[in-house]
Structure formats: C-alpha cells, structure tokens
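Q: These protein sequences, in sequence, are chains H and D. For the first sequence, the working numbering assigns the number 27 to the initial residue and increments by one for each residue that follows. For the second sequence, the working numbering assigns the number 4 to the initial residue and increments by one for each residue that follows.
There may be inaccurate statements among the hints.
Stated by the list, open to error - Some but not every residue of chain H turned toward chain D, in silico, with C-beta under 10 Å:
| id | residue |
| --- | --- |
| 1 | 38 |
| 2 | 122 |
| 3 | 192 |
| 4 | 202 |
| 5 | 230 |
| 6 | 361 |
| 7 | 363 |
| 8 | 364 |
| 9 | 368 |
To be verified - So these bits of chain H aren't anywhere near chain D, every CB distance computed over 10 Å:
| id | residue |
| --- | --- |
| 10 | 118 |
| 11 | 207 |
| 12 | 290 |
| 13 | 296 |
| 14 | 344 |
| 15 | 406 |
Hint data in this document are derived by calculation from the structure and do not stem from the laboratory. C-beta: ideal position from N, C-alpha, C; glycine also.
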Amino acid sequence: MSAVVGPSVFGLDPLYIGGVGLAEVLITLLKVGAAFALLLMAVMLMIWFERKLISDMQNRIGPNLAGPFGIFQTLADGIKLFFKEDLIPERSDRLVFKLAPFLSLVPAFLVFAVVPVGGDFDGSDGRVSLFGHETFLQVSDPPVGILLVLAMSSVAVYGVMLAGWSSGSKYPLLASVRASAQMVSYEAALGLSLVAVLLKSGSLSTNQIVAEQSMWNWNLWVTWVVPMVVFLIAATAELNRPPFDLVEAEQELVGGFHTEYSSIRFALFFLAEFMNTITMSAIIVTLFLGGPNGPDFTTVGWLSGLLWFFVKLMLFLFAFVWLRATLPRFRYDQLMDLGWKLLIPLSLGWLLVLASYDIAGDRGWNRAAAVIAMLAVMAALAGLLALALRAARQRRELDPQGGFA
Amino acid sequence: METAVFIVCAAIVLAGALGVVLVRNPVHAALSLVGTLFGMAVLFLNLEAHFLAAVQIIVYAGAIVVLFLFVIMLLGVDRLEDLSVEPITGQRALAAIVGLGTFGLAAAFLATSDIGVPGQEALTGPVAGQYSNLRQIADVLFTDYVYAFEATAALLTISVVGAVVMSRRMVRSHDAAEPETAKDD
Chain H
27 MSAVVGPSVF
37 GLDPLYIGGV
47 GLAEVLITLL
57 KVGAAFALLL
67 MAVMLMIWFE
77 RKLISDMQNR
87 IGPNLAGPFG
97 IFQTLADGIK
107 LFFKEDLIPE
117 RSDRLVFKLA
127 PFLSLVPAFL
137 VFAVVPVGGD
147 FDGSDGRVSL
157 FGHETFLQVS
167 DPPVGILLVL
177 AMSSVAVYGV
187 MLAGWSSGSK
197 YPLLASVRAS
207 AQMVSYEAAL
217 GLSLVAVLLK
227 SGSLSTNQIV
237 AEQSMWNWNL
247 WVTWVVPMVV
257 FLIAATAELN
267 RPPFDLVEAE
277 QELVGGFHTE
287 YSSIRFALFF
297 LAEFMNTITM
307 SAIIVTLFLG
317 GPNGPDFTTV
327 GWLSGLLWFF
337 VKLMLFLFAF
347 VWLRATLPRF
357 RYDQLMDLGW
367 KLLIPLSLGW
377 LLVLASYDIA
387 GDRGWNRAAA
397 VIAMLAVMAA
407 LAGLLALALR
417 AARQRRELDP
427 QGGFA
Chain D
4 METAVFIVCA
14 AIVLAGALGV
24 VLVRNPVHAA
34 LSLVGTLFGM
44 AVLFLNLEAH
54 FLAAVQIIVY
64 AGAIVVLFLF
74 VIMLLGVDRL
84 EDLSVEPITG
94 QRALAAIVGL
104 GTFGLAAAFL
114 ATSDIGVPGQ
124 EALTGPVAGQ
134 YSNLRQIADV
144 LFTDYVYAFE
154 ATAALLTISV
164 VGAVVMSRRM
174 VRSHDAAEPE
184 TAKDD
C-alpha cells in the first residue's frame, strides 16, 4: 500500500503484511464464513439455552419435544416463521418498514468481526498459523477496533426506531421513542466506562487490548472493577434486555416496536437481539476478562484459548438469562435517572481517579495524594452543583409564576 | 482501487445529499442524510483516516441524526408539508445564489491553488509517522490546538446549558405537575 509503516486498509492483522494474494483472500473468506455460521448456530443454541434455563428457574419444563432436550425448538420456530404470511400494515411506510429489520441485523453481525475468539496471548501477540499463514483468530482487526463496537451499537438504534415509526401504529411508535432515548443515553455510559479500559491498554485494537491483559493482568482488576459493572449495566440497557426492556414491554405496549411485524421480519429482529446479546458478552469478555487468556492445560496451543473464551462467554450469557428471570422491569424515569444521574457521573469520575493515579505514577508523585486531591476536587464540584440545584429549587418554590429557573 | 471506491462513495454521498433536499417526508430525508454520512465515512477510510471514519459514524450517524429522528417522531411532524408556500419570501432564490456562490468559490480555490484536491496528504501528511491515526490526532489536538479544543468544549457546554434554560417554559402553578412527554401524537 504505502511506504509509511502503519496500519493497512485491511487492519493490523499480520495476514496482510506481505500483500494480498489468493491465499489471503481465501483465508479471510473462510474466517468470515466461519464467524457467520458460528453466530447463527450460537443464536439458535442461545435461544434454547435461555428458554430452558428460564423454565428451570420458574419450575417449568420448557421446550422438550423437538430433538433431544428440545434443542431443535428454535429451528422449528424458525421454519414456522419462514412459512407464515408476511403482513405489511396499510398505514405503514412500506420502504422503511422492510428496511428496518436489516438495520437491526447487519450491525449485530458486524460487531463480532472484531472479537478475538482465540489465540495464544501468553508471550506472543495471539497470532496463530492457519494453512501456513500467520493470522489472528478474529475476522478483522481494524485500527479503530473497539470504536467499531460503539459505532455499530449506535447504528443498531435505527433498526428499532424505524421499525416502530414505520409501522404507522401508536404503540410501536411509543416503543421506538423510548428505544431511541434509552439507547442514546446509555451509549454515553457505555463509552465512558470503555475509556477506562483504553486508558490502561493504550490502544483501540481489540487484539492489543487482549494482549495487554495477558498473564492475569485482566482489566477487571486493573481498572478496579467499577468500569466493568457500569459497562455491564449499560450493555444490558443497550441490548434492551430485562430489566431494561421497556422497548418491548408487552404489558404496556401490546408488544413493543415489533407489534406490527410478522413472519420472517419478526424473526430477524429476534435473531438480531440474541446475536447482540452474544456479541456484547463477547465484547465484555474481551475488554475486561482477558478474552481467550487463561492457564493452558491442553496440548494443542490454540485450543485452550478457544475453550477459555467459551467458558467466559457462557458466564455472561448465563448472567443475562439470570437477570431476566430475576429482576422486574424498570420504570421509565428510573431508567433515565440511573443512566444520567448515576452511571455517567460514576464512570466519568472513575476515569478521572484512574487517570490521576496513572499520572502520579508516571511523574513520580505520591499516588495516594493524587487520588485524594482528585476526589477532593470532584467533591467540591459536586457540592457546588448541589448548592446551585438547591438554590434554583428554592427560588422556584418562592415564585412559581416567575421566569426561568 | 481507491479511485473506484471514491467514485462509488461519491455517488452515494451525492445521492444522499440530493435526497435530503428533494424528498418530502422528513424521516426519509433524515435517512438520506445517514446515507451521505456513511458514504463520507467510507471516503475517510479510503484516505486511511480510520479514526475520523469511526467518529463520523458514532457522532453523526449514531447520535445527531438519531436525535433528529427522535424530535421528528416526538413532535409528530412526519407528515407531508405544503411546499408551495415559501416560509420566508425570497428564501429559495437567496439559497440558490448563496449555494452557487459557495460552490464557485470552492471550485475557484481548488482550480487556482497548488494544494490540489485534499487527499491523503492533507489529512495525514503533515503529522505522518509510524504512529496510529488516533495518536497523531491526539498529539496535535492536545498540544498545538489545546486552547481551541478546550474553548470549543466550553462553548458546546454553554450552548447546551443555554438551550436548556431557554427552552424551559414559564412554570404556571396549575399545570406544573403535568408531564410534557405524555401528550405526543
């Protein structure tokens, strides 16, 4: 490409260093195909896993007829949805109505491209040998890495939003208004808790973020736990999963943004939703739990990474199902309060504390003093803000007719 | 290959831009804008400005147009408007003149100057090195232009606070408790 030593158009993967020939194209196609098939399979199994687990938690049996333990239930449902009649409401905006499911689905697929699912990160940078070519076990490693996740999660808003609007019906519209407000608000918390990880890793590339965490140097404790908690909550809201599933609150909105959808378009929304759950769990594993990093107990070098990744992924998938079975839905104002008044200030403050700790270490200052000074500054600012709010409230109570405030 | 990508993306950008102006339904116009923004992002990628491409999507497509759509939906203005009447007299003629003038100025500048059409050199040339895109931007932003950067941040904050203060209605005692959002469409 160019003489400058830097990332090529195709990203940081060592596969493309020696130029792009037929072998490179074939390996890339293989990776894309494998990721695509794996994701579809994973969604099928995830839906079965969720239904089975929830029915266990609710003392029910759950799907048990299609295949052993009902494992083919999703397949059967999918085939049924394929052959159902595809209805398009008369008052709908036909073009947008047809476009919306794909706007949900495509970002869900794309996010998984940057997740390193395996590779040996102890000592090396996680490259493995595939048909004699060195490469990473991820579809792509773009220089913007984790920003692609943020970009795609913000594009995913369109799917839900336009589905609700284009239905030409009241309840889906309410759901889509809720959805856009919720997803845009929680994106801020998601991004801010991410910055703490980037501060420690010093790179946007997912491969480098994982490589920085090798040898048990996991971001979970390197960033002192709080960013991961914030990220997990914000991700749950971003995924519209319970307890933040106001977008598809059956009891209030008939069904939610997809009320008017039927047949395969309806199925596409749920495909996207479960795929997002899987990819978001994978992203959390990548960011905070060292991705495929873990003690090697197998003889084949690359197998252990894949296994560890899978174990960590299952942990989060289980947690998401557990949350759904346990927690009741938030009220809308509680949702907004949690996002804007708790998560965003918390992650921002945490970022400042972490940064002051790091700067003090770099400059050779006393780290504890730096952190305490930062906390004092933040406490002073919070006090001023509280004072201003109280003054405004008092003025409003004294003179409810008058002016601004 | 870069030329081919440029031609395709330029077509998408232009088609989107025309859509924003010509389409009558506000939601369709906003979606055309999204198409334009995506085309721009790919153009940035084509110039190896990866970070700008990502920010283009996150900020413009992911936040700003979503807010446009949010407002369109919330206010229920997503109906076809009567475009035969000009809101301000002479507005369209004036817009055409100003638009053509701006285009002429830009074209004249590009034709006469020796910088050439902004390309890779204009974006990454002066700060090129072995560092990543993001690092180069951060280096410049937090050294040479740090005051401008901080001033912009302050300006944006002030404008947000100002918008909140100004959009706040006069509170009347009898309907003070009624929530605003409950009466949409």
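Q: The structure should be examined with respect to each hint, and the outcome stated for every one.
A: Verification of the hints:
1. For residue 38 of chain H, the interface hint holds, the least distance from its beta-carbon to any beta-carbon of chain D being 9 Å, beneath 10 Å.
2. Of the supplied interface hints, the one on residue 122 of chain H holds, with its beta-carbon coming within about 7 Å of a beta-carbon of chain D, less than 10 Å.
3. Annotation: residue 192 of chain H was flagged as interfacial toward chain D, and the flag holds, the nearest CB pair being 8 Å apart, inside 10 Å.
4. Hint status for residue 202 of chain H: holds, given a least beta-carbon distance of 7 Å to chain D, under 10 Å.
5. Residue-level restraint check for residue 230 of chain H holds (minimum Cβ-Cβ distance to chain D is 6 Å; threshold 10 Å).
6. Because the closest C-beta pair between residue 361 of chain H and chain D is about 13 Å apart, greater than 10 Å, the hint is violated.
7. About 14 Å separates the beta-carbon of residue 363 of chain H from the nearest beta-carbon of chain D, more than 10 Å, and the hint is not met.
8. Using the Cβ-Cβ criterion of 10 Å, the hint placing residue 364 of chain H at the interface with chain D is not satisfied: the shortest such distance is roughly 18 Å.
9. Residue-level restraint check for residue 368 of chain H is violated (minimum Cβ-Cβ distance to chain D is 20 Å; threshold 10 Å).
10. The beta carbon of residue 118 of chain H sits about 12 Å from the closest Cβ of chain D, which is more than 10 Å, so the claim that it is off the interface holds.
11. Some Cβ of chain D comes within 10 Å of the Cβ of residue 207 of chain H; the nearest lies about 7 Å off, and the non-interface call is violated.
12. No beta-carbon of chain D comes within 10 Å of the beta-carbon of residue 290 of chain H; the shortest separation is about 22 Å.
13. Every CB of chain D is more than 10 Å from the CB of residue 296 of chain H (nearest about 22 Å), matching its label as outside the interface.
14. A cut-off of 10 Å between C-beta atoms confirms that residue 344 of chain H is not in contact with chain D; the least separation is 30 Å.
15. With a cut of 10 Å on Cβ distances, residue 406 of chain H stays outside the contact zone with chain D, its closest approach being about 18 Å.
Violated hints for the displayed structure, listed by number in ascending order: 6, 7, 8, 9 and 11.
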